[in-house]
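Engineer: Below are the chains, spelled out letter by letter.
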Amino acid sequence: DAGVIQSPRHEVTEMGQEVTLRCKPISGHNSLFWYRQTMMRGLELLIYFNNNVPIDDSGMPEDRFSAKMPNASFSTLKIQPSEPRDSAVYFCASSRTNTGELFFGEGSRLTVL
Amino acid sequence: GESVGLHLPTLSVQEGDNSIINCAYSNSASDYFIWYKQESGKGPQFIIDIRSNMDKRQGQRVTVLLNKTVKHLSLQIAATQPGDSAVYFCAENKNTGNQFYFGTGTSLTVIP
Numbered sequence: 001d002a003g004v005i006q007s008p009r010h011e012v013t014e015m016g017q018e019v020t021l022r023c024k025p026i027s028g029h030n031s032l033f034w035y036r037q038t039m040m041r042g043l044e045l046l047i048y049f050n051n052n053v054p055i056d057d058s059g060m061p062e063d064r065f066s067a068k069m070p071n072a073s074f075s076t077l078k079i080q081p082s083e084p085r086d087s088a089v090y091f092c093a094s095s096r097t098n099t100g101e102l103f104f105g106e107g108s109r110l111t112v113l
Numbered sequence: 114g115e116s117v118g119l120h121l122p123t124l125s126v127q128e129g130d131n132s133i134i135n136c137a138y139s140n141s142a143s144d145y146f147i148w149y150k151q152e153s154g155k156g157p158q159f160i161i162d163i164r165s166n167m168d169k170r171q172g173q174r175v176t177v178l179l180n181k182t183v184k185h186l187s188l189q190i191a192a193t194q195p196g197d198s199a200v201y202f203c204a205e206n207k208n209t210g211n212q213f214y215f216g217t218g219t220s221l222t223v224i225p
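Protein chains in written order, with the working numbering: chain A, 1 to 113; chain B, 114 to 225.
Honestly, the hints are just simulated from the structure, not real lab data. Certain hints may be false.
[Unchecked claim] In silico lysine to any residue, SDA-like type, Cα no more than 25 Å apart, as pairs:
hint, chain 1, residue 1, chain 2, residue 2
1, B, Lys-155, A, Gly-100
2, A, Lys-78, B, Gln-212
3, B, Lys-155, A, Phe-65
4, B, Lys-184, A, Leu-45
5, B, Lys-207, A, Asn-50
6, B, Lys-207, B, Val-183
7, A, Lys-68, A, Thr-38
8, B, Lys-207, A, Gly-42
9, B, Lys-155, A, Ala-88
[Said to hold, decoys possible] Counterexamples of contact, computed for chain B against chain A with all Cβ distances above 10 Å:
hint, residue
10, Asn-166
11, His-185
12, Thr-222
The beta carbon of each residue, even a glycine, is placed where N, CA and C say it ideally should be.
All chains should be built: construct the whole structure from the sequences, respecting the hints.
Structural biologist: In C-alpha cells form, the structure reads like this:
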C-alpha cells in the first residue's frame, strides 16, 4: 500500500513568493495533520483535519499560512507570501480517527531565500 | 505553556548495549503516548505506544515505561544495532482530540 505522499520533496523559492505544499493521505484514513520541523522548535503541529474539516488550526503561525482539504484524498498547505523564517521541513501525516498512530510522509523541505 | 521535553539531546551507545531514551511531559491529562523514530531525510515512524492505564509495554527489542507520578516516559532498546541510529521523539495526546504533540527529540548514535 502507498503511504502518505507529499510533493514537492524540495522547494527553493524567494521571499515573497507563494508556496503550495501537497499531501495525499493513506486511503481510508480520516484524520490528516500538517507538521513543521525545524532544529530550534522540533515538530510543531500546524493544523489537523478530521473527515476533511479543520478541527484545530491553533498551530498555524499567522495569516500567511492556510490549509485546505477539499476531499478525503488531498490536502494543501499554502504560504503567501513566504519569508526566510518559513524555511523548514513540512510533514503531512494521516491516521484512522480512533487509533492515534500517525503515518508520516517523507516531508517537503522548503528553503526561502 | 505545557510542553513535552527530552532530558538529553544526544546519546551514544556501543553496538550491542542497551539504550535508554527519556522523556518528560508536563500535562497530567495526557492519556496516550507514542515513541517515534526518525531517520535522516525521512518522516517519523511509529515504534511503540502506551496508554496511561499501563506502566509498561514491550515490543520487539523495545520497551516503553510510563511513570505517571513524575510524568516521565522512557524508551529502552535492547541490544542496540547500527540501524537504530536515528532521532527518537516521544509524543503525547492530551485527550482533547487526535492531536499529538512532539518533544524536541534525542539523537541516538550507535558505535560499531
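Engineer: Are the hints correct? Go through all of them and say.
Structural biologist: Hint-by-hint comparison with the structure:
1. Using a Cα cut-off of 25 Å, the hinted pair B:Lys-155 and A:Gly-100 holds, with the two alpha carbons roughly 20 Å apart.
2. Between A:Lys-78 and B:Gln-212 the CA atoms are separated by roughly 21 Å; this keeps the pair inside 25 Å, and the hint holds.
3. Restraint check: the Cα-Cα separation between B:Lys-155 and A:Phe-65 comes to about 24 Å, which is no more than 25 Å; the hinted pair holds.
4. A distance of roughly 22 Å separates the Cα atoms of B:Lys-184 and A:Leu-45; the hinted pair therefore holds under the 25 Å criterion.
5. This hinted pair checks out: B:Lys-207 and A:Asn-50 have alpha carbons roughly 17 Å apart, not beyond 25 Å.
6. With a C-alpha separation of about 16 Å, the suggested pairing of B:Lys-207 with B:Val-183 holds against the 25 Å cut-off.
7. Simply put, A:Lys-68 and A:Thr-38 have alpha-carbon atoms about 23 Å apart, close enough for the 25 Å limit, and the pair holds.
8. Between B:Lys-207 and A:Gly-42, the direct Cα distance comes to roughly 18 Å. Compliance with the 25 Å bound is thereby established for this hinted pair.
9. Distance check on the hinted pair: B:Lys-155 and A:Ala-88 sit about 14 Å apart at the alpha-carbon level, within 25 Å; holds.
10. The beta carbon of B:Asn-166 is kept farther than 10 Å from every beta carbon of chain A, the shortest such distance being approximately 14 Å.
11. For B:His-185, the non-interface assignment is confirmed: its Cβ lies about 19 Å from the closest Cβ of chain A, beyond the 10 Å cut-off.
12. Every Cβ of chain A is farther than 10 Å from the Cβ of B:Thr-222; the closest lies at roughly 17 Å, confirming the non-interface assignment.
When each numbered hint is compared with the structure, no violation occurs for any of them.
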